[in-house]
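Listed below, chain by chain, are the residues.
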Amino acid sequence: MEKNNLLVAVVIIVIALVLISYPNFQKNKGLTGSATEILVGSSALIANYFAIAASNTLTTDGIKWSGLNPGDIDVNAEGNNQAGTSNYFITVSSDSNVNVDLCVKASAPLTSGLNTIPLTDYKWDSDIVNPLLTSAIAIDLAYAGADTSIAPGNSDYYRFWLSVPGNQAAGTYTNTISFKGVQTGNVC
Amino acid sequence: MKSKIILFSLLLILLIPSGFALKGVGIKWTSESAYVDEKSPVCLDYGIYNPWDEDINAQLGVSKELQEVIRVKETETVFVKANTPNTNAVPVKLCFDIPKVYKDNCLVAGVICEQTCSLGEVNYKGEVIATGSGTEVSAGSGSTATVSASVPLEIRIKCNQHERSYIVVYIAVLIILLIIALIFYTKRKKM
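Top line first, the protein sequences correspond to chains A and B.
Residue 1 is where the first sequence starts when you use the working numbering, and the numbers rise one by one after that.
Residue 189 is where the second sequence starts when you use the working numbering, and the numbers rise one by one after that.
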């Protein structure tokens with residue numbers, strides 16, 4: 001009688017094991033014959049690089065206006081140097097192997113405590129020679145394209161103008177202007 | 189005569205406009221895309237160089253679009269000496285974790301799952317940005333300026349297709365059968 005019980009238990013276990021291994025049998029179908037092959041690695045490394053820099057006036061003085069009055073319109077930033085070449089420029093290093101597109105944005109409106117000067121009053125233009133107020137646009141919080149395809153060794157010049165609303169509160173207004181370089185063809 | 193030349197050179201240096209000194213950052217890259225597994229750590233190699241006049245501290249980061257999907261591990265700030273050419277770029281690793289992107293179709297919560305990859309592979313596009321150290325804050329009204337160099341990065345996440353796995357069911361059946369066998373065996377033994 002005990003022998004029969006043991007037999008039943010063994011049969012159940014065998015069935016269970018078959019059930020478990022069934023999916024593995026299915027997966028191992030399709031063994032192939034013998035073959036020889038030689039695998040050889042092949043690779044090619046392409047490195048791109050570029051460097052950009054801001055002029056000393058941009059990095060040490062920033063874009064500055066002094067002695068502004070409420071109601072002033074399109075006042076030149078101190079480094080605009082209308083008489084000659086602007087002191088605000090971004091240079092693409094000659095140690096670059098791609099052309100560069102430049103992009104500009106503001107971190108926020110010019111702010112002094114709770115007061116701000118709207119971004120629409122902060123205008124800029126870029127040019128590889130002479131940026132002009134007539135083609136200036138308002139700066140934005142998102143990157144906007146400046147000049148494109150600046151070749152290694154060349155510079156892109158910038159000028160900035162600020163208007164002050166008539167009822168603007170007195171204060172020292174500040175923000176940050178970001179210049180970004182991307183390989184030509186990429187979006188800002 | 190010599191002293192006159194030296195004096196003249198010194199005068200020239202002093203007369204050079206301040207706008208001629210440059211401060212910036214350079215980036216060197218060897219890939220613009222990565223094909224990666226979900227739920228895995230990934231590291232990409234970049235180089236930061238500085239062919240300009242002033243030493244910088246630079247850091248790598250990713251744009252907002254990528255920040256929303258990948259968890260970037262903190263990147264080290266590296267010191268890059270002035271006049272460092274691209275051939276001596278300081279290597280920087282950008283490491284991040286890829287989250288679980290593809291939702292499995294499971295019969296029971298979390299088990300007996302399949303992945304058909306019917307929606308195709310997911311990819312994310314963004315930028316890797318090298319930023320130089322901050323600029324000095326100027327006095328008076330106006331803006332400070334920052335400079336960065338950015339390169340594109342596309343991350344495509346592999347979808348590993350798999351059929352529904354019944355292994356859990358088989359194990360459960362085995363355990364139940366063993367319990368039944370054990371109960372049956374012990375009852376018979378008592379009789």
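If you're looking for bench data, these hints aren't it; they were derived computationally from the structure.
Backbone N, C-alpha and C define an ideal beta-carbon position, used for all residues, glycine too.
One thing to keep in mind: the hints can contain errors.
To be verified - For lysine-lysine, the following BS3-like pairs were computed, each having C-alpha atoms within a straight-line distance of at most 30 Å:
hint, chain 1, residue 1, chain 2, residue 2
1, A, Lys-105, B, Lys-281
2, B, Lys-252, A, Lys-123
3, B, Lys-346, B, Lys-281
4, B, Lys-377, B, Lys-291
5, B, Lys-261, B, Lys-291
6, B, Lys-269, B, Lys-288
7, B, Lys-261, A, Lys-105
8, B, Lys-313, B, Lys-281
9, A, Lys-105, B, Lys-269
10, A, Lys-64, B, Lys-269
11, A, Lys-105, B, Lys-313
12, B, Lys-269, B, Lys-281
13, B, Lys-346, B, Lys-378
14, A, Lys-105, B, Lys-252
What the hints assert, rightly or not - Chain B residues, not near chain A, derived (Cβ > 10 Å throughout):
hint, residue
15, Leu-210
16, Val-213
17, Trp-217
18, Ala-222
19, Lys-227
20, Cys-231
21, Asp-243
22, Gln-255
23, Glu-262
24, Thr-263
25, Asp-285
26, Leu-307
Here's how the hints hold up against the structure:
Proposed proximity of A:Lys-105 and B:Lys-281 is supported: the alpha carbons are some 27 Å apart, at most 30 Å. Proximity of B:Lys-252 to A:Lys-123 is assessed by CA-CA distance (about 26 Å); at most 30 Å being required, the pair is judged to hold. With a C-alpha separation of about 22 Å, the suggested pair B:Lys-346 and B:Lys-281 falls inside the 30 Å cut-off, and the hint holds. Restraint check for B:Lys-377 and B:Lys-291: not satisfied, since their Cα atoms lie roughly 50 Å apart, outside the 30 Å limit.
Of the pairs offered as hints, the one joining B:Lys-261 and B:Lys-291 holds, with about 24 Å between alpha carbons and a cut-off of 30 Å not exceeded. The hinted pair formed by B:Lys-269 and B:Lys-288 fails the criterion: a straight-line CA distance of about 40 Å is larger than 30 Å. With a C-alpha separation of about 27 Å, the suggested pair B:Lys-261 and A:Lys-105 falls inside the 30 Å cut-off, and the hint holds. Distance hint between B:Lys-313 and B:Lys-281 is fulfilled; the C-alpha atoms sit about 19 Å from each other, no more than 30 Å.
The straight-line distance between the Cα atoms of A:Lys-105 and B:Lys-269 is roughly 28 Å, inside the 30 Å bound, and the hint therefore holds. Between A:Lys-64 and B:Lys-269, the direct Cα distance comes to roughly 29 Å. Compliance with the 30 Å bound is thereby established for this hinted pair. For the given pair, A:Lys-105 sits about 21 Å from B:Lys-313 by alpha-carbon distance, which is consistent with the 30 Å threshold. Between B:Lys-269 and B:Lys-281, the direct Cα distance comes to roughly 19 Å. Compliance with the 30 Å bound is thereby established for this hinted pair.
Of the pairs offered as hints, the one joining B:Lys-346 and B:Lys-378 is violated, with about 58 Å between alpha carbons and a cut-off of 30 Å exceeded. With a C-alpha separation of about 15 Å, the suggested pair A:Lys-105 and B:Lys-252 falls inside the 30 Å cut-off, and the hint holds. Not every Cβ of chain A is farther than 10 Å from the Cβ of B:Leu-210; the closest lies at roughly 4 Å, contradicting the non-interface assignment. The beta carbon of B:Val-213 is not kept farther than 10 Å from every beta carbon of chain A, the shortest such distance being approximately 6 Å.
Annotated as non-interface, B:Trp-217 brings its C-beta within 10 Å of a C-beta of chain A; the closest such distance is 6 Å. The claim that B:Ala-222 is not at the interface with chain A holds, since no C-beta of that chain comes within 10 Å of its own (minimum 15 Å). Residue placement check: B:Lys-227 keeps its beta carbon more than 10 Å from all beta carbons of chain A (closest about 23 Å). Distance check on B:Cys-231: its Cβ is at least 17 Å (rounded) from any Cβ of chain A, clearing the 10 Å threshold; non-interface status holds.
For B:Asp-243, the requirement that its beta carbon stay farther than 10 Å from each beta carbon of chain A is met, with the minimum near 13 Å. Distance check on B:Gln-255: its Cβ is at least 16 Å (rounded) from any Cβ of chain A, clearing the 10 Å threshold; non-interface status holds. Listed as outside the interface, B:Glu-262 is consistent with that label: its C-beta sits roughly 22 Å from the nearest C-beta of chain A, beyond the 10 Å cut-off. Once the 10 Å rule is applied to beta carbons, B:Thr-263 is consistent with being away from chain A; the minimum gap is 18 Å.
Annotated as non-interface, B:Asp-285 keeps its C-beta farther than 10 Å from every C-beta of chain A; the closest such distance is 25 Å. In this structure B:Leu-307 is separated from chain A by more than 10 Å, as the shortest Cβ-Cβ distance comes to about 25 Å.
Violated hints for the displayed structure, listed by number in ascending order: 4, 6, 13, 15, 16 and 17.
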